[in-house]
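For reference, the chains in residue letters:
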Amino acid sequence: MIQPSSRLQADRLTLSYGGTEIVGGLSFEVPPGMITAVVGSNGCGKSTLLRGLARLLRPSAGAVLLDGKAIDRMPTREVARHLGLLPQAPSAPEGLTVGDLVARGRQPHQSWLRQWSPEDEDVVAQALCWTDMLDSADRRLEDLSGGQRQRAWISMALAQGTDLLLLDEPTTYLDLAHAVDVLDLVERLRDDHGRTVVMVLHDLNLAARYADVLVAMKDGRILAQGHPGDILTSELLFEVFGLSARLIEDPVSGRPLVVPLGGSRAARRPAPA
Amino acid sequence: MSAGPARAGPARPAVPGRNPLRIGPVSGVWHPRTAAVCAALLLVSAVLMCLGATRGDFPLPLTDVLRVLGGGGEELDRVVVLELRLPRAAAGALVGFALGMAGAITQAVARNPLASPDLLGISAGAGAGAVTLIVLGGAAGPLALLGVPAAALVGALGAALLVYLLAWRDGIDGLRLALIGLAIAGLGTSLTTYLLLRANLTEATQATVWLTGSLNGRAWDSVLPLAVVVLAVLAAAPVFGPRLAALQLGYDTARSLGRRVQLGMALLVAAAVVLAAGATAAAGPVAFVALAAPQIALRLLGRAAPPPVTAGLTGAALVLAADLLARTALPVELPVGIVTAALGAPYLIHLLVAANRRSNA
Ligand SMILES: Nc1ncnc2c1ncn2[C@@H]1O[C@H](COP(=O)(O)OP(=O)(O)OP(=O)(O)O)[C@@H](O)[C@H]1O
Ligand SMILES: [Mg+2]
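Residue numbers (the UniProt record's numbering), protein chains in the order written: chain A, 1 to 273; chain B, 1 to 361.
These are calculated hints, taken from the structure and not from any lab test.
C-beta: ideal position from N, C-alpha, C; glycine also.
Treat the hints with care, since some could be wrong.
Below, a sample of chain A positions facing chain B; criterion: calculated Cβ distance under 8 Å [as the list claims (entries may be wrong)]: (1) L85; (2) P87; (3) L96; (4) Q110.
Kindly generate the complete structure, drawing on both the sequences and the hints.
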């Protein structure tokens, strides 16, 4: 089988906030048609990397390439038809309903005259169905639970209908069942619709379970990347998180399962072999 | 893509709450409640305009006013209604509409329900411009009629431009814009106070009346420019409506939705500035309408459909009602700005208390 080439890549990408370098000279090709999970401790630059990939931050050096072209020289509407991002902490105005929020995901495809075409309606209804939010479409965001609100935002990103989807912590507020629902949906998007998904996840077991490629970040650099079964080791976990943990095989998926040993940060014990 | 959920006819939308409205290639969404609220506000405004036309030095019964509006009536009644009363009512409606719309846009851009175009220095700039002309321009003569609105317009646009430029640092940020606007507004107010201290009694009286915001004696020639501004902004609504909707979701989301954030901000701020400056030039700074109208509209709608037009209609009804009150509550006629300020101040306190309670909850 011919491996399709990566559509989105970071080429020696350096990202800074006001002179402070957060991501330093990072090169990465987003594997096409796959699920990539980015893990790393708080503040290591995961969201910054996603913002850079989605051209929300101008690189201080290097470049992000979409289909081989520098992304910050492409028309932003054009980019928005191929690449969608769900930010980590999005905000909405008071009184906005779920349906109106998700419909805003159609903006890159709309024009002055075309504000709610049958296609828009179908795609939005589909996106709401996928996250089980269709029945809540008429409710106001502030009246929802944190998890329902997050599913509404995921629907908005899905309604954008992009081949490339960047999700910053899509499962943070979700209970385990809904987190699994969202990740199953991500798998379905990959399998049935050929979508490429990059997501930041904090739950290592879910990341190991669902990612085709796991990317471990520390201090704005990639420490390891590859299939979770190949790269996830207790040494890596200790290096990335300072976490002592044992890895066992997940009896369902055969992927690694992280069992923390506890007291790790204070004790800094070397991980048992 | 797999088959989407079966789509019902327009009666039952596929997405609850979003009723499609489609004519040929044109498509949109309509909300029954928004339509009803807008119709009701239009009706209220029309009634208030007719009632307003009955009041004055030469009171007319409502039936006579309606007869004139229907094309009939006595010659004298026609002059009074069409040349004196109607321009004033139209000025009130347009000033309210422009302020309400400007307020809705400002609150959306600043993402703050307490924001108003005053935060862009508009009232203070207009006040400084107008008072400068009144005090230093020797504008007691016939120049005054033409000169003061123009001077106010220059002051308002100048202040807004200054705020925008000073707030620019790799782009505009809503909060920074508001803080710098506050500082410039303070400067404008100090300039106005200084000029008032130097003014003689006639000038000071004229300036103070202007600074309160009044519709007294407005003729068609002060209505027309504002009407042009309002129509121009309404015509541009398809350009800034979707940008406003995207920006309300935050800069990152707006950009991932393919919007150029700084261009959108510039367009929206410009629309709000032009509306508010036009309204202020026509009537002086009518307090609190821009702040309150969008919030009242939001509550009437029960949802955050981009409410600039609804907020505009709310503002029109507010100003017309306040002007009617200003002319009937006391034996002497008050400037409309006094009434809006008297009603608006408690409302602002209510908003602040509610916001405070929410952040403490
Ligand atoms: N807007 C900003 N301005 C200045 N510094 C920022 C900004 N956003 C993030 N940073 C800094 O950049 C670093 C990386 O932040 P980033 O949000 O990328 O971390 P993260 O890996 O996503 O963390 P988390 O897991 O907590 O979401 C942090 O040290 C943070 O303080
Ligand atoms: Mg983050």
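Subject >> Contradicted hints - numbers only >> reply: Checked against the structure, no hint fails, so every one of them is satisfied.
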